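Construct the entire structure; sequences and hints are all you get.
There are 2 protein chains.
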Amino acid sequence: MTENLFGHHISQQFNAELEGLRHRVLAMGGLVEQQIVAAVKALVDGDSELAESVIESDHRVNAFEVSIDEQCTQVLALRQPTASDLRLIVAVIKTIADLERIGDQAEKIARMGLKLITQERPSNEYIEIQHLGERVQQMLGLVLDAFARMDAEAALEVVGKDEKIDLEYEGIMRQLVTFMMEDPRSIKRSLDIMWSIRALERIGDHAKNICEYIIYLVKGKDVRHTTLEQMKKAALGER
Amino acid sequence: MTENLFGHHISQQFNAELEGLRHRVLAMGGLVEQQIVAAVKALVDGDSELAESVIESDHRVNAFEVSIDEQCTQVLALRQPTASDLRLIVAVIKTIADLERIGDQAEKIARMGLKLITQERPSNEYIEIQHLGERVQQMLGLVLDAFARMDAEAALEVVGKDEKIDLEYEGIMRQLVTFMMEDPRSIKRSLDIMWSIRALERIGDHAKNICEYIIYLVKGKDVRHTTLEQMKKAALGER
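Quick mapping for you: the protein sequence lines, in order, are chains A and B. For the first sequence, position 39 matches number 39 in the numbering used here, and the numbering has no gaps at all. For the second sequence, position 32 matches number 32 in the numbering used here, and the numbering has no gaps at all.
Read the hints as simulated data drawn from the structure, not as lab findings. Being a predicted model, the structure only gives us computed values, none of them experimental. Hints may be right or wrong, so weigh each one.
Identical copies go unnamed one by one, so any copy, or any two together, can satisfy a pair.
[What the hints assert, rightly or not] Straight-line distance between alpha carbons at most 30 Å, and here's what the computed DSSO-like set of lysine-lysine pairs gives:
hint, residue 1, residue 2
1, Lys233, Lys188
2, Lys115, Lys188
3, Lys161, Lys232
4, Lys233, Lys221
5, Lys115, Lys233
Laid out in structure tokens, this is it:
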């Protein structure tokens, strides 16, 4: 079914346009994924050059957003799509807004990395950031796969992962508070770690938003603000 | 010019639909504004009942988003708008996403309010939250006015306000860090205050996003990720 979702156009040209649009979203997603990996690595390794390059590259993410957005408006105006084509365009408009914000969070992590270089390294070598960063990056990778394959079921699975990330986030936060109270000299550093952990948690939220757009796109059902149960029904049910 | 921006349709019915859509966005904006005011008041006064009612009302904000979004998709499918009508629809889709996230931040502030009730009140009676809350609420009010009047110039003015909010935010944060280091027993409370201040700052960012959509809507120029100078040129220039 997935192969045929956009295979019903008389206009080969229009098909190619939609396909091109999807590829550009995936290219933007790939760039954003790289930004997360590089930002986390820069922070954990204390690599200021890498951190600077992440900050410097954010404009590329922004340029993607503006240009894909413009392309969507053009398709809407010139092709006047309906049904699943229209849903694709709306889903793309929303998806790239979340991808752009994920890029902002990666930039924030890189900036925290630069600040943390000036502080004493913690004895755990930022293992919590490393770990949560890997989870979040993996989650985004799965979301992009689900988008590429227009796979609502896969998108639904990723939503479940966000709940685990939230739990892990809460745990790390509690630990950091305890640490701050035990050793007030570590407050500044702990706060910078907190903001980084927070940014990773926000990336998970954005990735979850994209999952909801994929379910909407494939199934035609808006599952935002619903329970996981309701989402399951929408993602696994027939259109 | 503003009166005529959508006054060129042959179809009176279509005009009425677009007008209705704009009114619903403003109604959603009004609800979100109330949520901010109530959340800040609940936190500052330690009013748990009010805080609960903010948390409980968030579903109304969400319902607005889903329903306006659906209406936009319907207009796109059935009316196949172009030019400024199409820009209105795209701007509405983006605006309600930001309004919904402002609602989430208000809910977050209410939740922090509930946590803070269990802590000793600070000697400054949360004056910083009160103050920043008023600024942010005023900013959102101006954004909604600019949206109602389709006034790019007014939207531009509000963007300038966000920079002031960011500066104030930085100042409060620095103060809180100092306070935490001086009195580690206040760490938990200070962190809850930080998250609330952070939520207010995020609301300012979302309000700024909406300003950018208004400029795009009225002037047809995408001013995201540009400098304030470039925005000025777009907002004050002719189409």
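For each hint, the structure was consulted:
1. Lys233 - Lys188: neither (46 Å within a copy, 41 Å between copies)
2. Lys115 - Lys188: both (10 Å within a copy, 23 Å between copies)
3. Lys161 - Lys232: Intra 14 Å, inter 43 Å, cutoff 30 Å: intra-copy only.
4. Lys233 - Lys221: Only inside one copy: Lys233 and Lys221 sit 10 Å apart there, 41 Å across copies, limit 30 Å.
5. Lys115 - Lys233: Classified as neither; 46 Å inside a copy, 35 Å across copies.
When each numbered hint is compared with the structure, violations occur for hints 1, 5.
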